[in-house]
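*Asks:* Listed here are the chains, written in short residue letters.
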Amino acid sequence: MRATRGELASLLVHRRSFTVTSETRRQVVDIRSQVEEAVLTAGVRNGVALANCLHTTCSVVITDSAGESIDAIVRLMRSVIDENQAYRHNDLRWSDCERGNADAHLRASLLGHGVTIGIADGALALEACQSILLAEWDGPRSRTVDVQVLGA
Amino acid sequence: MRATRGELASLLVHRRSFTVTSETRRQVVDIRSQVEEAVLTAGVRNGVALANCLHTTCSVVITDSAGESIDAIVRLMRSVIDENQAYRHNDLRWSDCERGNADAHLRASLLGHGVTIGIADGALALEACQSILLAEWDGPRSRTVDVQVLGA
Amino acid sequence: MRATRGELASLLVHRRSFTVTSETRRQVVDIRSQVEEAVLTAGVRNGVALANCLHTTCSVVITDSAGESIDAIVRLMRSVIDENQAYRHNDLRWSDCERGNADAHLRASLLGHGVTIGIADGALALEACQSILLAEWDGPRSRTVDVQVLGA
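Read top to bottom, the protein sequences are chains A, B and C. Counting along the first sequence from 1, when you hit position 104 you're at 104 in the numbering used here, and nothing is skipped either side. Add 1000 to the 1-based position in the second sequence for the numbering used here, that's all there is to it. Add 2000 to the 1-based position in the third sequence for the numbering used here, that's all there is to it.
Mixed in with the good hints there might be a few duds.
What the hints assert, rightly or not - Sample of chain B residues facing chain A (criterion: CB under 10 Å; computed from the structure): (1) V1029; (2) L1040; (3) A1086.
To be verified - Sample of chain A residues lacking proximity to chain B, with all beta carbon distances greater than 12 Å (derived): (4) E23; (5) R75; (6) P140.
As the list claims (entries may be wrong) - Restraint-style ranges between C-beta atoms, simulated for each label pair: (7) Q85(A) to D2082(C): 16 to 24 Å; (8) G1122(B) to A123(A): 24 to 32 Å; (9) A128(A) to S1142(B): 40 to 48 Å; (10) R75(A) to S2142(C): 37 to 45 Å; (11) R2075(C) to E1127(B): 34 to 42 Å; (12) A2123(C) to R75(A): 41 to 49 Å; (13) D82(A) to N1084(B): 16 to 24 Å.
Note that these hints are calculated values from the structure, not bench results. Don't be surprised by glycine CBs; every beta carbon is placed ideally from N, CA and C.
Just need the whole structure built from these sequences, with the hints factored in.
*Replies:* As structure tokens, then:
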């Protein structure tokens, strides 16, 4: 085991939101640099960062940064969650949503609305290959990602 | 980017548990108001809240609050995870569990045991459409949800 | 509701990493005791612990500790994510990765890179049946799990 020594300090809490714009219905956008910027701005050396999306038809997830891996996630979600099924949410007799985006809600729930990451020595505790992605399932749209930073 | 200023303060830690009772085998219950109440009681203005279930056959997940979206999650999990497959966990030669709930364990793991949410200005950092759901996969049962609040 | 009283205290932040070695391509290893040891070492009585893997082809997830439940997760991920599909990531015309592990990346993203758990009275806020698992999708390999502990 490798460990850093515990630190007794006052708590610092910082919140930052940023916008991600998608250009197609399904798109995956790397937001790691924006999350890193929020951690730097917070001035927290050791702690945690939450990156959550404030929507129910997109996800925030950690995955490999290679382009073809990202494409594969989009294809996987398409194969697991059928967009053409007879969802009540897409039927105006049951739902007041006119977007026909039931598949997007399901993909968002299955991948999750956000991630929690350690902060060590002022940086995100992630390896270089670990991207933080906003996965858009119902674009093109403008999305808000909320970063909450806690620590010392 | 929009940001709130960091605050240097003493740490406040608060834990609260509540019970959710399901009436059918598979049921989704909105627990956002109970999590909000735990945050209010904690008196934390800025920080994070964890809502985790203390079980392995139910999930806590953030999703759209519309009734027909919730139904769709139950149906999705049924289509991805076959309840009638020959699971060893449901076979008394391999397992001492008599509930026949292997599918419930798998659904719980896939959707996740809990969520982590920011707290900003004393409220959960969620939009109105984002419900926090306890997804029951092996009811009817009584479940404990544990809310841990940290912040200042 | 049952609640513990909030505590005003100085923040303690502690980080600990440990290594998990897998012996086969797909393997699930219980790491709860290592996470518990990191919490004990941190000396945090109340707070949160993050257990995240620093890789994109394995997952950290909470699930039932019974052996046959663990086997079922491996089989589920195999049925949801086909390892023999024509992934670009496995095609050297598209990718510089020679491991042919596109399925591992997808399984890792779907189950998630880590978990966040409350700490109450110096112990993880988990029931006895809740294991913390490192799910290896591209072994045999040596993996790093990063535990970040915050609290008082």
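*Asks:* So, for every hint listed, does it hold in this structure?
*Replies:* These are the hints, each one checked on the structure:
For V1029(B), the interface hint is violated, since its Cβ never comes within 10 Å of a Cβ in chain A; the closest pair sits about 15 Å apart. A cut of 10 Å between beta carbons decides the hint on L1040(B): the least distance to chain A is about 17 Å, and the hint is violated. A hinted interface residue such as A1086(B) counts as satisfied when its beta carbon comes closer than 10 Å to some beta carbon of chain A; here the least separation is about 22 Å, so the hint is violated. At roughly 21 Å, the least C-beta separation between E23(A) and chain B is larger than 12 Å, which holds for a residue marked as non-interface.
The beta carbon of R75(A) sits about 16 Å from the closest Cβ of chain B, which is more than 12 Å, so the claim that it is off the interface holds. Here P140(A) stays apart from chain B, with its beta-carbon at least about 19 Å from theirs, past the 12 Å limit. The supplied range of 16 to 24 Å is met by Q85(A) and D2082(C), whose beta-carbon atoms lie about 20 Å from each other. One distance hint, 24 to 32 Å for the beta-carbon pair G1122(B) and A123(A), holds here, with the actual separation near 30 Å.
Take A128(A) and S1142(B): their Cβ atoms lie about 46 Å apart, and the range 40 to 48 Å holds. Under the hint 37 to 45 Å, the C-beta atoms of R75(A) and S2142(C), about 30 Å apart, miss the expected range. A hinted range of 34 to 42 Å holds for the C-beta pair R2075(C) and E1127(B), which are about 37 Å apart. Under the hint 41 to 49 Å, the C-beta atoms of A2123(C) and R75(A), about 42 Å apart, fit the expected range.
At roughly 20 Å, the beta carbons of D82(A) and N1084(B) sit within the given window of 16 to 24 Å.
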